[in-house]
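Chains A and B, in that order, are what the protein sequence lines are. Heads up, the first sequence is in the working numbering, so the first residue is 27 and it goes up one at a time. Heads up, the second sequence is in the working numbering, so the first residue is 1201 and it goes up one at a time.
Any given hint could turn out to be false.
[As the list claims (entries may be wrong)] EDC-like mimics (lysine to aspartate or glutamate), calculated; alpha carbons at most 16 Å apart, straight line:
#	chain 1	residue 1	chain 2	residue 2
1	A	LYS201	A	ASP213
2	B	LYS1368	A	GLU35
3	A	LYS95	B	ASP1249
4	A	LYS322	B	GLU1333
[As the list claims (entries may be wrong)] These stretches of chain A come out as covered by chain B in the derived footprint (C-beta under 8 Å, 3 or more residues):
#	stretch
5	159–170
6	255–265
7	344–357
Keep in mind the hints are simulated off the structure, nothing from the lab. Being a predicted model, the structure only gives us computed values, none of them experimental. Ideal placement from N, C-alpha and C gives every residue a C-beta, glycine not left out.
If you want the building blocks of each chain, they are given just below.
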Amino acid sequence: MKSGYSEIEELLPGYLSGGLSDKDRAMIDEWRTESPENEILFQQSSKAWEAMPLLNEMEQFNSFEALKKINTRISNQKTTKWWISIQRVAAILLLPVLIYSGYISIRNTSLKKQQKEYVVMQTISSRQGMVTQFDLSDGTKVWLNSGSALQFPNSFTGDLREVKLTGEAYFKVAKNENQPFRVHAKDLNIEVLGTSFNVVSYEDEHQTEVVLVEGKVRLSSEIDEVQKVFGTMQPGQRAVYAEDTRKVEAQEVAVEKYIAWRDGNLVFRDDMMEDVAKRLSRWFNVEIVINDTEIKNYAYKATFRNENLTQVLNLLKISAPIDYQIIGNKLLPNGEYTKQKVYLMKKKV
Amino acid sequence: MKDLIIIKGLERNDKVVFDYVFNYYYSSLCAFSMQYIGNRSSVEDLVQDFFVYLWVEAPRLKIKSSLKSYLFTAIKNRCLDFQKHHKITEKYRTFILFSTVNEDDSTEHFFAESELRQAIQKSLLKLTPRCREIFELSRLNGLSNQEIAEKLDISKRTVELQISNSLKTLRKELAEFLPFWLLVWLIG
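Given these sequences and hints, build the entire structure.
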């Protein structure tokens, strides 16, 4: 009975798509009745067959929009009670009193605030192709990679030192056990006492990555005010938070590769060409298009230092079965230029 | 354990918990109802009606089963009522992923959207790029095996072999959601 297994398996796609001859069809139907194991195998294959169409169907429904409708219905539900309307009348009568007392208290607090030191939020952005290094008011050193931005206060008050990152940055946090340092990177929060680590969290990517060089950091997420703690990272680990699954996966890595950009180096160690292209496009502010899936998955190894775009592409051409074409930037009607476009393709032999 | 915390949260009308449950299950409950009703807007109305009911009645509800079972069973009953009311007899699209044998079977193994997505993504990562491409052309773009063979200039048999390969991988990922009755059957 088991001898026919792989043969049957090969027929299943035809069976499930309905493109099988009557004879083969009958054969599978008979095989199904031979044992419960066969039937289970068949059922599971059918599930696998329909998994993607079902996911597709689910994605048609937008829970976010639906929740808005639900929320109005839930709040309407309450107003059916008679005493609500009495409360409303009372509220309207109270309104002038509230406004006046509100005005008084705001005036008082704003007077007090003027005496206190102002906390101003500021943002530093790094230009394309440049690494920016600066110190925060607590002595923390920050390296900001090309095309990234960090928002932070001019002085840290309260019991947390909080900053907000878009893009990639390396932090060397000044130790202060009474005032933990927290990086907000989209949904992910990275909390530390004093340590060095790298964070990659670009807007157009659906993940945030943390590489810990030394010390300890704690990862948690905050989505719609719901907090979730993932745990503590060990030095030498790289943790990736995926936005769709909202989970973190960690592994041991060679950290040098992830922090070499601070010294203006681009380091690739068996990275997929797709990721290589992504990093190059950020670094040089160009758009890189790969149309060939085979090239996308090509594992690449190289270190670039101070090379310009053409030099990097030429090195790529020499060291990999890859060719390139550059389309220069065009002037748009509004006076801006489009990004340079680079096409990567398979080298013709 | 986590289920219990969520149910307790629903019972005390905790809006954060309610929103979480709603976002987690809404799309899968709608897709599930589509099999009974087949009309997108009726389905959304039905599921939304249920959630308003859940919010209002939660403090008085005693949910004994798992939350997932409770939700899918409650929605199924509403769908059956709807069918009776509108004299619908036809079944629209039957996903085996959403099938039970008897009316009172467990709905424990049904998928929420994020769970299904995770299982699919996990198994796609295990496939070779070519295999993955073929599988996606088939299941995502709805191309027939013949059409895929022509598009990629390979034999139809190669296409079928690759798809059968993908099915094998995905099957293993989905296995933890094996219907309870099949397990009983297998052991018994």
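Checked hints:
Taking the CA atoms of LYS201 of chain A and ASP213 of chain A, the gap is about 25 Å. The hint is violated against a cut of 16 Å. For the hint pairing LYS1368 of chain B with GLU35 of chain A, the CA-to-CA distance comes to about 8 Å; that is within 16 Å, so the pair holds. Our distance criterion of 16 Å between C-alpha atoms is met by LYS95 of chain A and ASP1249 of chain B, whose separation comes to about 10 Å. Distance check on the hinted pair: LYS322 of chain A and GLU1333 of chain B sit about 13 Å apart at the alpha-carbon level, within 16 Å; holds.
Proximity of the stretch 159–170 of chain A to chain B, defined as three or more residues with a beta carbon under 8 Å from a beta carbon of that chain, is not established by the 0 residues found. Counting residues of the stretch 255–265 of chain A whose beta carbon lies closer than 8 Å to any beta carbon of chain B gives 0, which falls below the threshold of three, so the coverage claim is violated. Under a criterion of three residues with beta carbons nearer than 8 Å to beta carbons of chain B, the stated coverage of the stretch 344–357 of chain A fails, only 0 such residues being counted.
The structure fails hints 1, 5, 6, 7 (numbered hints given earlier, in ascending order).
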